[in-house]
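Make a model of the complete structure from these sequences and hints.
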Amino acid sequence: MSEKESLHKIADAVLDYDGDEVVRLLRRELAAGGNVEDILNIGLIEPMGDIGDQFTDGEIFVPEMLMAATAMKAGLEVLRPILAESDAEPMGKILLGTVQGDLHDIGKNLVTMMLEGAGFEVFDIGVNQNPEAFAAAVQEHSPDIVGLSALLTTTMVSMRTTTALLKEQFPLIKVIVGGAPVNQQFADAIGADGFSEDAPGAAVLARRFMEELAG
Amino acid sequence: MDSKERVAITLAHEVPDRMPINFRAVDAVCTNLQQRFGVDYEGLLDHWNVDFREVIPPYIGPKLPVLEGGVEIDIWGVGRSVVQHADGGRDVMVTHCPLADADNEADIKNHQWPKAEWFDFGAVPGICNGNSGFALSSKGIHVEGWHGIFHTLTYLFGMEKGIMYLAARPDLIEAATKEIMKFFTDYYQRLFDADNGDIDLLFYKDDFGSQNNLLISQKMVREFFMPHTKVLCDLCASHDVKFVQHSCGAVYKIIPDFIEAGVAVLDPIQVTAKGMDVTELKSNFGADLVFHGGIDTQHLLPFGTVDEVKTETRRIIEVLGKDGGYFFSPAHRIQADTPIENIIAAYDVAEEFL
Numbered sequence: 001m002s003e004k005e006s007l008h009k010i011a012d013a014v015l016d017y018d019g020d021e022v023v024r025l026l027r028r029e030l031a032a033g034g035n036v037e038d039i040l041n042i043g044l045i046e047p048m049g050d051i052g053d054q055f056t057d058g059e060i061f062v063p064e065m066l067m068a069a070t071a072m073k074a075g076l077e078v079l080r081p082i083l084a085e086s087d088a089e090p091m092g093k094i095l096l097g098t099v100q101g102d103l104h105d106i107g108k109n110l111v112t113m114m115l116e117g118a119g120f121e122v123f124d125i126g127v128n129q130n131p132e133a134f135a136a137a138v139q140e141h142s143p144d145i146v147g148l149s150a151l152l153t154t155t156m157v158s159m160r161t162t163t164a165l166l167k168e169q170f171p172l173i174k175v176i177v178g179g180a181p182v183n184q185q186f187a188d189a190i191g192a193d194g195f196s197e198d199a200p201g202a203a204v205l206a207r208r209f210m211e212e213l214a215g
Numbered sequence: 216m217d218s219k220e221r222v223a224i225t226l227a228h229e230v231p232d233r234m235p236i237n238f239r240a241v242d243a244v245c246t247n248l249q250q251r252f253g254v255d256y257e258g259l260l261d262h263w264n265v266d267f268r269e270v271i272p273p274y275i276g277p278k279l280p281v282l283e284g285g286v287e288i289d290i291w292g293v294g295r296s297v298v299q300h301a302d303g304g305r306d307v308m309v310t311h312c313p314l315a316d317a318d319n320e321a322d323i324k325n326h327q328w329p330k331a332e333w334f335d336f337g338a339v340p341g342i343c344n345g346n347s348g349f350a351l352s353s354k355g356i357h358v359e360g361w362h363g364i365f366h367t368l369t370y371l372f373g374m375e376k377g378i379m380y381l382a383a384r385p386d387l388i389e390a391a392t393k394e395i396m397k398f399f400t401d402y403y404q405r406l407f408d409a410d411n412g413d414i415d416l417l418f419y420k421d422d423f424g425s426q427n428n429l430l431i432s433q434k435m436v437r438e439f440f441m442p443h444t445k446v447l448c449d450l451c452a453s454h455d456v457k458f459v460q461h462s463c464g465a466v467y468k469i470i471p472d473f474i475e476a477g478v479a480v481l482d483p484i485q486v487t488a489k490g491m492d493v494t495e496l497k498s499n500f501g502a503d504l505v506f507h508g509g510i511d512t513q514h515l516l517p518f519g520t521v522d523e524v525k526t527e528t529r530r531i532i533e534v535l536g537k538d539g540g541y542f543f544s545p546a547h548r549i550q551a552d553t554p555i556e557n558i559i560a561a562y563d564v565a566e567e568f569l
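Line by line, the protein sequences give chains W and R. At position 37 of the first sequence the residue is numbered 37 (my numbering), and the sequence of numbers has no breaks. Take any residue in the second sequence, note its place counting from 1, add 215, and you have its number in my numbering.
Any given hint might turn out to be false.
As the list claims (entries may be wrong) - Derived coverage of chain W by chain R (criterion: at least 3 residues anywhere in the stretch with Cβ under 8 Å from a Cβ of chain R; other residues may be distant):
| # | stretch |
| --- | --- |
| 1 | 58-64 |
| 2 | 96-108 |
| 3 | 149-155 |
Don't read these hints as lab results, they were simulated from the structure. Owing to the predicted nature of the structure, the values given are computational and were not obtained by experimental measurement. The C-beta atom is built at its ideal place from N, Cα and C for all residues, glycine as well.
Written out as structure tokens, the structure reads:
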């Protein structure tokens, strides 16, 4: 079996939602001297991109996306210590949280999974976070992008104040927003850099911003 | 014609003297409106000619514990923490999921499940009599009601496990669903036995839709949920009660499944979700369903102008209410950020149709 073929088998196990098989194949690949970045990119990131497409196209739904992400994460946990020792850089760093007044987190958690699946290092600061907490966390983690989540209409105002504070304190940072009541028009109005209507879209958007930042 | 007859005629897909009206809002909004009109809550419902009232048997079960850190345990053993907001508002979030670590059917069986006898059904006739002439619903048409099986699973197992286990651990889902249904069927059987035939609606709340799509596949809706919906609809039918299915989000695709199970009323008609076009809904499902809701709480009521509220409210009533078949209501409990003038504008338009 060529190396590429064995990497695709890892990807297939992610697409089959089989975390145990992902870990088994991945360990075998590492033992055979496989390149850790290839394993990450072809074995884990590529299939999560496919999963994102399937979700956006309505072929799969939240349970299947969660299962794929769980399988991917099982593999990522094995790779993490090795990646930390290597000079491999993550795709980018992103900080996520649900804004003040809002306690909903399933949307944010799906975005976290899709971003991890896209190779990002993700700092999730949880729910009900005020603008100052976002700013302090940005200071601490120096992310490239900040993602703000909300479900309630009542907390959209908190998105606005958080975006304003972040833009004031960290003019270079990209701010993206998402959640049921939010749309592109609102994102534009509050001065956010981007909006996505679903979790896979957030990963695509974040990648595009990383390319822009690199360019 | 009283409210009860008006609602009954609508449920029979005939045209009553006027469109039945409902109202629902979070506490802060109710308080503001009560102050504005100088009335109490009941007075507010009267002010807007609300045709519905709720029948909620008092809880008389074992004292529900409060865990360290103020985590309030409910009848399912699910714990919620109270979060105080800077603006004085209050909200709760699930912070204790009793089946989070469940790994086999014994773990499910051994959980302390709620019992119908924890509720005082002896009080039901008195509550019904006190609301004579109104259309009566089980808990949920005004206040936060019982959650359906899907919601309850996500609280018991935790949001992610509750959803993922539908695919990954159907054995656990089925075992827990069996216990949830034991409570629901027992509770509603006792409620309908106690009410002397007075209760008209069972309000059942689950959310199968996100803003853009179903949360779970239609196949899963059919496999895990519709058979139980049918059991509850059949229970309703044998007591001359109509079943109200609440589901937020983009659920157009599964409406035929609801109808097949026996659902009579669809709530809340989230018009901002993908595919939830009122004209399509009315023309394709109006013969089978009565619609409840439709006045958008996501954009229109909180952010629209008074004129926009009036125009859109009129459109919704004219489409969904054509030849009857519509209960006027906001598409969710109105949230605290909603300008009072917009709420009044929507109900002013409703009044035009009286």
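Each hint tested on the structure:
1. Counting residues of the stretch 58-64 of chain W whose CB falls under 8 Å from any CB of chain R gives 6; the rule of at least 3 is met.
2. Coverage of the stretch 96-108 of chain W by chain R holds. Counting CB-CB distances below 8 Å, 5 residues qualify, and the rule asks for three or more.
3. Check result for the stretch 149-155 of chain W against chain R: holds, 3 residues qualifying (beta carbon to beta carbon below 8 Å, three or more required).
Hint compliance for this structure: no hint is broken.
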